[in-house]
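**Q** Below are the chains, spelled out letter by letter.
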Amino acid sequence: MGSRGGRWRLGENVCRRYPILICTFSLVFWALPAAAQVEFGGAQMSASANTSVGYDANYSNLGGGTDHGLGLAGSGTLAGFYYNPNFLSFSVQPYYNRGQSNSTSGSVFDTSGYNGSVNIFSGSNFPGSISFNQIWNGTGSYGIPGTTGLTTKSNNRDFAIGWGERVPGLPSVSVNYSRGDGSNSVLGSDVGGDVTSNSFGIRSAYRVAGWSLGGGFTHANTDANTTGALEGVGAETSNTSDNAFTFGTGHTLPFLHAGFGINFSRADYNANFGGETSGKSTGTTDNVDANLNLQLWRFPISATAIYMDNLYGSFEEQQLSSGGAGMQTSLSPETRELLLSASTSYHVMPHVVANGFVSRQEIYITGQSFGVTQFGGTVNFFLGKRFKGLTATIGANDSASQQGNEGAGLTANVNYTGNIGRWDVGGNFGYYQNVETLYGLYQTSSLSYGGNLSRRFANGLNWSIAGGGGRTAFVDVAGSGSQAESVSTSLNWRGYTVGGNFSQSTGSSVLTATGLVPVPSPVVSNNLIVYSGRGYGFGAGGSPIRGLSISVSYSNATSSTSGSDTNGLIVTNNNTALTTGVLTYQFRKLYFNASVLQFRQGISTSGIAPSLVTSYYFGVSRWFKLF
Amino acid sequence: MTACILLLLLTPLWAAKDKENPSVFHPPDLLLQDGRKLTYERSFSTEKEVRGRPGFWTKVLDVVAGEPDYREMIRPYSIAVDSHGRAIITDPGARGVHIFDFEQHKYKFIQRAEKDKDPMLAPQCVAVDTEDNFYVTDSESGKIFVFDASGKFQHALGSLKGGEGYFKRPTGIAVDSAAQRIYVTDTLRDEIFVLDMQGQVMQTIGKHGTGDGEFYFPTELRLDDSSLMVVDAMNFRVELVGRDGSFQGTIGQVGDSVGSVFRPKGIGFDSEGHLYIVDGLWGVVQVFDRQGQLLYYFGGKGRGPGEFQLPTGLFIDHNDRVFVVDSFNRRVQVFHYYGLPKQARGATP
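For the record, the sequence lines run as chains X and S. Counting in this note's numbering, the first sequence runs from 1 upward without gaps. Counting in this note's numbering, the second sequence runs from 1001 upward without gaps.
Keep in mind that the hints were calculated from the coordinates and are not lab data. Heads up, some of the hints might be wrong.
[Stated by the list, open to error] Below, computed lysine to aspartate or glutamate pairings styled on EDC-like, alpha-carbon distance capped at 20 Å:
hint: 1; chain 1: X; residue 1: 589; chain 2: S; residue 2: 1067
hint: 2; chain 1: X; residue 1: 625; chain 2: S; residue 2: 1067
hint: 3; chain 1: X; residue 1: 625; chain 2: S; residue 2: 1072
hint: 4; chain 1: X; residue 1: 589; chain 2: S; residue 2: 1062
hint: 5; chain 1: S; residue 1: 1117; chain 2: X; residue 2: 242
Chain S with its partners taken away, still in its complex shape:
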């Protein structure tokens, strides 16, 4: 009888070896013009995926005491990737910020909703500066929270005396480290605030309206070498303005066909300067050139790999890896865009 009991006790340790890495369906590569392509890499959603391969004693502990309660994304919204490849994801549903470090196999969750001073209630968008400090807008408290590279809270910008926030609903954010400027959209004011690094307002850009240089509920922001790209949500377009606020142009128009913009969410640009616009309602990412010409799109509504349900944020790192926040599916999906080498550019895909 004792031998039978020992056999029963040891069975799970042997059986646990056989369930590693079930095969996962990957969507086919998207082959584009001139050898360009977009490939699906993977998705991640929980702290567990960051952790490295467990050792023997970790497996024993997992069997005896169960796995730890790994934290999961609840309603992720925006993403930024720092110079070390760490993905920083805001999650208003969890009232916090997830930091996934796949290289170091580390995970961190930042939450300060219960703090008496400057609580972070609804983290919305995130941006990273050159020193890997990251900046998080809080649409509910009306402030911007600044954290250092280790995730330690530094200070809050826009925090008024009495605890109120200066901004009505800050959403999109971009940081220009070279110029020591922070750009923040205040969606309810239909303006972009230009701040110095201490939070002093240096300039405002735009006003309410539908014309050139005007905004109607602006949300996400991205900076490239020449332009500030603003998602002008209720004008169904992305507006390009200079850093001095001068109007440069628009991309996208309202419609119900491919190439039009219906619910613009996150934006980004790759190494060839193509503009990626997430459309939340259609569940696709559309890619335009700087003239506003649709090049291609990928995604579609669904729960499978490469499909989206209410996608929101988007970030493209310096390796042209495209991170798309798949909000309703509670995950981030990663694609890789292989463009032309710099010397071969000139043709459109």
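Chain X on its own, in the form it takes in the complex:
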């Protein structure tokens, strides 16, 4: 009796200490026999869930300090339809405390949230949809081009609704509205940013008497507080509003297989920004383009005319809409452009195609007019029989303005995909010299290359490697270049994998709420941040016995940014390192998990200590179908 009474007391103690745990398990077990789709008031639904219980120990300087204990986590899916999937269907996926330690989620933190969507009348001529999601304590990335970026802790919420009409014989109409807001803080610093955006759009299309007609209106506004984590330019705020109207029409012509189209668009924007560079930007951009396509004997001819009355405005609008601050550019205050171009091609031989083009640009900028004429040609070779998989393009062009000839340019492009012996080989190489002009003002030279190699050896051994890179620079503009390189490799053998990767990049950018956005440095002359990043990582994984999987990985990204504010040049050095190890054993629907995670991120100019997170976890999770 004594021992029995002891067990009861033990049970009562457990119940008092972990009531949520016990009740959750009880409910899960109770729900199991009901595993079938249920019908409720005309709605058919199915639901599944994954619950886990585990012990974790955390060592962190992110505010939570050191703690340990039992915790619950889980995720679920509820999906179904009312009457018929084409009438109304829905899906909701909530999750709670999901992270790298207890799930396949890549989050450093215990993230909670939900995703949902509803489709209405999807089988009719009036389909509509609603989607929504919210994330608490998510792991995000503050972008630095060419690397994995800086890790952020973020909260986000998005909502979108759309409806359309597509009755045959009537003009189609689609309307959509979306709203999103989010905030993030860059780990390793004491600053953060937030963005709120709204957008509304309506579009219609119609075909009548051979004419295709289309038009639409969009409105968007974005309020952004830009993080000052990379203090080169300090924190910025911006409130941007955009309106855009578009209209287009087209028709085929009764001769020479011809057709033409005309499109008109007007966009106006209004932005207020504060911080290091406070001020206001407003502008209107009109854009008209017309195109004509026809077949003249064996020559398909395409001619295009484009007129834009405010190049500066369109460029500034792009930067502002992504949350960037106001800027000074070489395009201000007013730039107009007219571009006329024509191109054709000809099959010289079965595997050889020649292309030719001519273009004329008229640019009005800073009170002066410029004219640039370009012409050139390319020859495409499809080397089919002897060199199967090999294609090559070689071309040349020449540019001239009122200042005289601006020099000849070259293009070369080679691609190969095929097998050499037992090797699977792919490669590409491109070279472009003095060929691309930015708004008729700058010529660009660029180089790109890439390749991949793989082979299946005996005994199931596979090896592959892939790499690539590129460089771009404006001709005669010192310091305008950007470049990026990357390489990755992996070795697989009977379910075991070892791999690694390396990447690096340099260039110039502007600061936005979501990260650095690359820009051409000759165009933007203020608020520029020069970045360079380098990252590498390696990992290994395998399944030594059925149901057991083990994986470890390490990644390290180093980046530096340099910009200038009123205090002069400021250089920031950033480093992010992440180590993970995960062991999972699956027995039927039970998953036994153990994991370790170590995260470190530091930003040299932030003035606070690097963020550190170390966590250990082991637990068990159970997948089940509720109904």
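Let chain X serve as the given structure and place chain S on it in line with the hints.
**A** Same frame as chain X, now just chain S:
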């Protein structure tokens, strides 16, 4: 509180007893002439259906840890039944072969797509010899894989040096154990290869064309006592040839009405010699006599019992059980044909 928790924990064990064997709608028997009939028996699609009735501890384990991940058919194509009643089903979608043994409550899945030597990539058709060895054509690798009765891989026929297959697209296969010959259709070559048991080509039958003794994309094969029946797919017919390759006749013609053949897939014959032809597009099985006269048909497009969506393979065992592979519904449906006793035969149904 503790009592409540115990009650909650034990509830599923009691509740699990009440969900056995929900009633299933069966299509009515098809009553034929002279007392013959065709009845619907059942269908199967997953490994779970092979397993026997679970015991108490198995049920407890199922509740605590969940049921195992039972394997399901993905895109079954062809079927053969061996002397022990085991259904052997090729599944190109799963890149393997399912073996359902309902008598022994055993299931086996054979897969060798990841093997370095002679990988089986797209198992297409299957045939069984008298010792229950089974032969699987692989339309992608161009080989024939031979397995023993336990499912153990024996060797591959048509495997050339360097790993390539001898056949362009082997599909239908039939084994004549008495004569020690294997018949294989090479669909892209419009020929039937006659091999010895070691894979040596002894003879070829047919050539490309639309005439008698010619083929246009031949696919499935079946052997009976006197004839080799070949599904001549793009000639919309089943051609009957002798084992020496001599032309014996055809059954079926192209058309869009009952009795014509539009997308012939699997074929088989029952104990009375009637020829069963699966029509993939219409979702029916049509039954002809040896003179090519339509006797009756069964099935129809649908997902319910006795209905088909893109049916493919067919096999009739020595008990006149008709196995039809219902490919898009991911299942095999079993019917039973009750013919006349041998002494009473002579009339057509």
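**Q** Taking the earlier hints as the rules, which of them does this structure contradict?
**A** 5
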